[in-house]
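Asker: Chains as they are written, first to last, in this note's numbering: chain A, 22 to 108; chain B, 141 to 553; chain C, 17 to 986; chain D, 128 to 349.
The set of hints was computed from the structure by calculation and includes no laboratory data. C-beta atoms are modelled at their ideal positions from N, C-alpha and C, and glycine is treated no differently. Please note: incorrect hints may appear among the correct ones.
[What the hints assert, rightly or not] One-sided excerpt, in silico: chain A residues whose CB lies under 7 Å from chain B:
(1) Tyr40
(2) Ser54
(3) Lys56
(4) Ala68
(5) Leu92
(6) Tyr100
[To be verified] Only pairs whose alpha carbons sit at most 30 Å apart, straight line, appear in this in silico DSS-like list of lysine-lysine:
(7) D:Lys326 - C:Lys823
(8) C:Lys176 - C:Lys164
(9) C:Lys576 - B:Lys167
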Amino acid sequence: MKLLECPVNGVRPLSEFTYGGEYRDMPDPDTCSDKEWAAYVHYRAGAPGLKKEWWYHGPSGTWFIAERNTLTDKVSRTYIAGQEESK
Amino acid sequence: MPLGLLKYGLSKEHPAPRFFRDCTQPKKSYDAVIIGGGGHGLAAAYYLAKDYGITNVAVLEKGYIGGGNTGRNTTIVRSNYLTPEGVNFYDASVKMYEDLSEELDLNLFYSTRGHYTLAHTESAMRTMRWRAEVNKHVGVESRVVAPDEISQACPQLDIQCSGQAPIMGALYHAPGSVARHDAVAWGYAKEADRMGVEIFQMTEVTGIDVKSGKVVGVNTSKGYIETNRVLSAVAGFTPRITEMVDVETPIVIHPLQACVSEPMKPWLDTILVSGSLHVYVSQSSRGELVMGSSLDPYEMHSTRSSLDFVEGLTSHIVDMFPFLSNVKVVRQWAGMADLTPDFAPVMGKTPVDGFYLDAGWGTWGFKATPISGKTMAETIARDVAPDMIQPFRLSRFEDYELTGEKGAASVGH
Amino acid sequence: MTSRIAKKRGEWINRDKPLTFEYEGQQVQGYEGDTISSALWANGIRVLGRSFKYHRARGLLSFANHDVNALMTDGEDTNIRADVWPVSNGMQLAAVNTEGGVLKDKNKYIDHLSPFLPVGFYYKTFYKPKRLFPFWEDKIRKAAGLGKVNFNYPRIIKPKRYAHCDVLIIGAGAAGLSAAINAAAEGFNVILVDENRQAGGSLSYDHAGEQAAADTLNTLLEAVEAEKNIRLITDAYAGGYYGDHLVPIVEKSGITKVRAQTVIVAAGVFEQPPVFRYNDLPGVMLGSATQRLVHRYAVKPFDKGVVVTANDHGYRTALDLASVGTEVVAVIDMRADGASQELTQKVKDKGIAVHKGSCIYEAVPTKGKLGVKEVVVCPYNETTAEADTSRSVRLVCDGVAMSAGWAPAGALLYQAGTKMRYDNDLEQFVPGELPEGVFAAGKVNGVFDLKARLQDGRRAAGEAMNYLGKAVSVDTVKPVSMARPSHPYPIVNHPKGKNFVDFDEDIQVKDFINAAKEGFDNIELMKRFTTVGMGPSQGKHSNMNAIRILARIRQLPVEKIGTTTARPFFHPTPIGHLGGRGFHPHRYTAMHQWHVDNGGEMMDAGIWLRPAFYAPQGSGLTASEAVQQETLAVRNAVGMIDGSTLGKIEVFGPDAAAFLERFYTGKFVDQKVGGSRIAMLLDEAGVMVDDGVAVRMADEQFYVSTNSSNAATVYREMQRNVQLWGMQVTLVNLTGAMAAMTVAGPESRSVVATLTDIDVSAEAMPDGAFRSGQVAGVDARVMRVSFVADLAFEIHVPYKAGLHVWKSLIEAGQSAGIRPFGTDAQRLLRLEMGHHLVSHDTDGLTNPFEAHSDSLVKMDKPFFIGKRSLQILAKKPLGKKLTTFVLEPGFNGELPQECNLVIDAGNNITGRVTSISFSRHLNRHIGFAFVPPEQSSAGSGFQIRTDSGAMVAATACEAPFFHLLESKGE
Amino acid sequence: MQDAVLMSPVAFAHALRKPVSGEVNGMETALSFAAADVEATRNETLSICDVSNLNRFGVKGPQSAAWLQAAGVTLPEGTNSWTPQDNGSLVMRLGNSEFLVEDQPENSLCQTLNDTAVETAGVHKVIRNDAAFIVSGKLTSALFSEVCEIDLEGGALEDNRLVMTVIAGVSATMLKQSLNNQPVYRIWCDGTFGPYLWKTLLGIIEEQGGGPVGFNFYYEIN
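One chain only, chain A, in its complex shape (with noise of 0.2 Å):
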């Protein structure tokens, strides 16, 4: 990779970003089980693949969504969070 888009900031190397992990769906905490919850904080989806992943852009403070290869480093596209439909 070494180089991502940032949606508002455009192309910048990557050491102007912080990885923030995968994107996950939270389960209900209210209706999940403790076995559910536990797997939800501490299981990963580690298998190699097309991932949503946090990224953060530190000099302008801005997250974002990066849908990228874990296998390839290749990233598909980069949206903030809630307006992938706008991109």
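Based on these hints, arrange chains B, C and D on the given structure of chain A.
Answerer: The following block gives chains B, C and D in isolation, referenced to the frame of chain A:
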């Protein structure tokens, strides 16, 4: 010169036999199948044969033996961990390593050098004391030392680190050692093979056959193999294997990089690690400085190298050893580290009967090779994980019983 | 004796600048522009080094930095690559890795032991008995290694630069020059790099005794010079290829990191040595090495030589040699069919004999194996690689030029992810599938004919421009029918071996055969077992032959063997270049200079610098005295600390309170304007991450503080959750914008009152209250706090006014005896108050139940980060609990340290000390420790083990510790 | 140093060079570092000037653009761009919904905006503490090639664009403008990083043969 070498000079034909047979086509079934021909998998095969007489075992390696993290790590062996269970486990490994050359009839170049974990901040000094106290309690020789003692052991080290991060002290760990990583895999392969274990290189597992929650076989690039017991010992490939059996784990993969310098005459006798500077360095018997740093900052299933890594590492190396400015880095490479959230491995049984996991080795797998092989062999043979590895069971995450290594998220290696 | 010849057209030496240097104690003459090796060779010096393992005498091999035969030290630096390093006046050089000089090296005896040191011998001995291994290991370590490091070598860190271009071209040979000219002509910005001191590649030396190549080169260089879009960097190599076309260009002056839009690799090929017995003697060198000597440095390589070849290049070499007066005895062609009639005739016309279907069976050394005396030539069977020794001829010579074929300089292509394929016509690996934006041209692409190389450069430039979005037509380069450039197996078996494949590591043909016999018959395993390609030249001259040998052993085609991975760096790269001038940002508070001027002992606190304590010049205070005095000032009068490093975040918007309720463990919706509440942050697993204070400044405005070390992280997590939860919240990070100071102690109110319009009386401003107003004429935010003392005021003002307000308060506090205090005193003060510090007294697993913080966790809220995990943890028995404790009054034994362990009667670890200090105010040792829950209640005793093993009794007690003052008899 | 109420974040970093000081906008300011001709020579090569003393106004929030417009401020068109006001003040749009206004010494837009009460939801004033520098000279590219990874000369700053990037390891905002008919680069960073950034940039600038210039070099203070 030792007499053992005479036969080579005196005989016409090369007198040494193959280390292990050239197995090509697996049999229809095995008592156990081990996925992964690295140090861990081969050690497990060896102890299955040796300790339990289970020799109808296939080791399946998708590349060549020792070609994964076994051959990519910086070969440090130590046991100065933070928790009693961790220290005990790695100490057992250190003790096995000490006799391993003789046991495997192969010189592993196991060399005890002493290991210094440098502390540049007060909080690092606190962590060093914590580790030292736990180590001492368990009977492992570790203690906090002052800068002058570090200077005695390594006079070339700039205690001021060029003014960037003055060293306040260190955790000295006497048993800290290095070994020839490839030889560990080859030695286990040789002896396992001698007892009947079959090692298949260039043989990839493409699926694991589970019926009613039990393992019944594996699909491979060389056909189907029937078996009731499968051990996954594949480090950076763990998530791909666990996905085949729908076993959830916390493991994520980050590249871990290393590099070596050109060879020079020996001067660095000890192993040095600095958590703050993200550096570990030792000098190999070939004269190269073997250097590593922290994990790459994001998930990736690749062994590509990055320039950031080597730039960061060398900037700190030259802070520690200013005179190395013009010594050259020859080669950099990477492995894929399988990380857990509590810096401890995942070992033992899983929700799938007959599927055993030896994973989560992050940056500490090489040093655990003998003990993981031994304890996983016991787990497979008895279908019960020994007490020593109970703290590392997969179910600890569901139980919110993470190991205390997370307590001080110190840099390992 | 000199073998310097008359001036050559285009030579690289400057005859107007002669110079003198010393090699192994001998005076040597050279010219500016010479490399060390060229000057030595010109002076008839043939032994330039000793080999790594067997200490064999070595001379030139590739003369192109593709081997490390000639590594030298100048007393200052080591492992200097003499073949390419420029010579300078007054240098004092010696070969590395010798004992007693390069000619008489005492370790040369090892060569005779080589039969007893088979491949991987060190795995097979030295370990029984175990106790002797350290002895042998010491011997091995000393024998290994090349140069000795100079511990006094200066710290030299070079600047690093970034550069950007449309097209980066690696290699300024025919193809690279052509590509550059064509891309630049279309307006693209080109960086063209070559590791040689001058551009031209093989055009500058492979002349075959003619002028055509030099003419072509002149034309190309003129075109490059005229083109302003081309930046030509010579004497610089591309260190490696990294993601998204990042290529570090390494020059002697430092590294330039080039971020290119496209990369064209036109790096050419490495000449590969044929393998025969004693092919490593000084005087036996590659054909291209002799040509470089001739044309670049005007040095005659030898007087009477033979050429052994397995392609047409040997003939070209013979013609170049003949052109400078070397008597070429014969061209020995390993190919049964030899070269074309035309080429053969050209050579014969120079009076050179041509032996087709022949090989050098062995070179015969002069005395001491310091040179070559003659060669034994035999008929060669290309299929079996056997020489027919029954029909041998001896040819007297003092040198041998070798040309057997080429290997692609494809390291960067591999690193970029190129799939290479083996071309059976060329007998060479060539790019099969190239990654996006990466192109190859010239010999590395399998194109050898000169005209075709120029065309291939144009083609690659065209493809690069198309990739960049410019529609230019791209020609197809038609294959030119020519003799195969590389031989499929240029190897001659010899029962006595010493036919070297890897000169760095002294690896012979039989080492491969034996390695395979031992089971190491996969290219990667073979590499690791034999160490082929692992030396400093990284297989440039050896990997291809190793692959060919393994293919033959396994009776497989070469492509089935595959190649090993080419890792960075292309050439070994200095640590000082790579590390370079790094950046070490620091943050300074507004009061920084005041602290320094007033004796502040400044310590790194994360990225900040903070005073640990103040010991003004001439005060004679020790650290611990300073800390105790500062502490007592706060307890008895007034003190002030610079707290500007606190994280400070403003949270605005209609959802501000609701947001904080989700983010932190506490409640904020019902919080009153002008009040403050603890803001404790957990992670999803319920582990304590941070604790700060949230002030409600208005209904829709909160001002939240965080621990200094967590400021950036907490702000970042807030931003993420605002986005994730979609709440109407605006965040502003004021950490750097606001200076903060805490005035603490019984006199603090009177000091603050003199400077502010805020009513700071106890009634108007109780603990926890927040007021806005003026302090020292500056808009300020003031809070009653009790972290370090019962009475204290935290004052926040804009950074630019920070020093003014600080100085005003110091002045106002003079009569009350105000003292500035540092972080050490702060830590003791908060301990006396019984406040734990997150991540000092807690660790990466501590939850609020363990840290006595249950009351801060509002489990009746619908949601907060970590709540669901706490519900699970609440069902489990507590394993440990953080407690405050005291040692016995008057304790004067060995003081426990932080992180000493709590040990129970059964000698089990049950906890640990997290904080401990002597409080002069209380005249007691006080601290925090993790202990079993049942020992955490006041009055419970437990034992702490000190560094030396002594057991110290401690008693849990209530916080704050001030009750100890009233109950002196405890 | 005298007792001005306000202090430049980089004041102590250039105190060693003993500049001629004066008070501008209530802040102790380095007016000149050397004789005018020396500064002019530096400036031709490569120079840096501390302009932290200029008045600034920050505002953030979803309605801040509308609020500024209502206050009569001309806004830059897109995200990450800037525009000068008629009176010379700079208005920068940082990302989408945050603005930074910087006055020239002679105007007082910031003061006016500061004094204007916010009565609209979604508009929040931001307390600013910038270290601000002007860098110019013919060797700017040599300086930026060492401290910034992105291609600042390749159009990133053309057409009134601004960038938020990393300079010498510190987050910074940059733009390029014409000042006194000379192309200059303006850099803002968090003031607490100011002394570090000043020293780092100045170190490289001096290696390149340039040096510091005082505030008077760009702004004539009466």
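Asker: Taking the hints in turn, state whether each one holds.
Answerer: The hints, checked one at a time:
no., hint, result
1, Tyr40, "4 Å, holds"
2, Ser54, "10 Å, violated"
3, Lys56, "6 Å, holds"
4, Ala68, "4 Å, holds"
5, Leu92, "5 Å, holds"
6, Tyr100, "18 Å, violated"
7, D:Lys326 - C:Lys823, "25 Å, holds"
8, C:Lys176 - C:Lys164, "28 Å, holds"
9, C:Lys576 - B:Lys167, "25 Å, holds"
Taken one by one, the earlier hints fail for this structure at numbers 2, 6, listed in ascending order.
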